[in-house]
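Undergrad: Here the structure of chain A is known, so what remains is to put chain B in place on it, guided by the hints.
Those protein sequences? They're chains A and B, same order as listed.
Position in the first sequence counted from 1, then plus 990, gives you our numbering.
Position in the second sequence counted from 1, then plus 14, gives you our numbering.
Misleading hints may appear alongside valid ones.
[What the hints assert, rightly or not] Examples of chain A residues toward chain B, derived with CB under 7 Å:
(1) GLY1028
(2) ALA1033
(3) ALA1039
(4) PRO1043
(5) TRP1056
(6) GLY1058
(7) GLY1076
(8) LEU1114
[Said to hold, decoys possible] FRET-style restraints, in silico, Cβ to Cβ:
(9) B/GLY139 to A/VAL1023: 32 to 38 Å
(10) A/TYR1116 to B/LYS74: 24 to 30 Å
(11) B/LEU27 to A/LEU1110: 19 to 25 Å
Source of the hints: derived by calculation from the structure; they are not laboratory data.
Note that the structure is a prediction, hence the values are computed from the model and not measured.
Don't be surprised by glycine CBs; every beta carbon is placed ideally from N, CA and C.
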Amino acid sequence: MADAKNRPLSPHLQIYRPQLTSLLSVVHRGTGVVLGVGTLLLAWWLIAAAMGPAAFETVQWFNGSWIGRLVLLGFTFSLFYHLCNGIRHLFWDMGAGFEIKTVNLTGWLVLVASTGLTGLTWILGYAVRGGVL
Amino acid sequence: MSMETPLGRVRGLGSAKSGLIHWWHQRLTALALIPLMVWFAVSLIVIASGTYQEAVDWIKDPIVAGLMILMLAAGYYHLKLGMQVVIEDYVHTEWVKITSLVVMTFWCIGLALASIMSVVWIWLGG
Chain A
991 MADAKNRPLS PHLQIYRPQL TSLLSVVHRG TGVVLGVGTL LLAWWLIAAA MGPAAFETVQ
1051 WFNGSWIGRL VLLGFTFSLF YHLCNGIRHL FWDMGAGFEI KTVNLTGWLV LVASTGLTGL
1111 TWILGYAVRG GVL
Chain B
15 MSMETPLGRV RGLGSAKSGL IHWWHQRLTA LALIPLMVWF AVSLIVIASG TYQEAVDWIK
75 DPIVAGLMIL MLAAGYYHLK LGMQVVIEDY VHTEWVKITS LVVMTFWCIG LALASIMSVV
135 WIWLGG
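Isolated chain A, as found in the complex:
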């Protein structure tokens, strides 16, 4: 137990110089937590659909309100970010893409892809419904 206190620690958020790699890592966890809280909305939507038209109307009213749309926008971005960066993680797990150049490139790629997919989803969503939601 003598060296228990000297065991290496993970870099601590407050003293770690922010870089693209660390920032994206933090955001990966953050979006994971956001998606976890967001499951409440998905569960509400499904339960309401099972309960009937009246309950469903309430969810759709919330989803259509400005705060609902803001929540859904955050949820959409979190979903795509976590998805894209998760694929990046799976490549690392296979031992690929660890060079600094590659890590930074795929990092930017994840940011562009998740922002682009979020935009595309919303544009298509509005196009399909003509902006009903």
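TA: Then chain B, alone, in the frame of chain A:
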């Protein structure tokens, strides 16, 4: 004969390997969730702002109901494993950590069950 305690003998030899299952299941669910989430996101473009009848008709399709249940099961398991790591990394007060883990696990199991039961309910005809 060594006078070392069993604990003293194993200390420093590495993990008990039980963490591997956690790691592996997180990757398995991640892999499964890639196509499932893409399918779900694309579906939501059409269905999210639809009427009650459209949503119910959509879920009644056995393929949709099946994919939905797979997505919910894999998703909530993935969420449970991920949140466990986040809590264990950042919450250091023992009782707060344990309480958070319990609440988080109940959250995942409860919402997963409620969501899957709703899908089955709709699928069987509401």
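Undergrad: Which of the listed hints are not met by the structure?
TA: 1, 5, 6, 11
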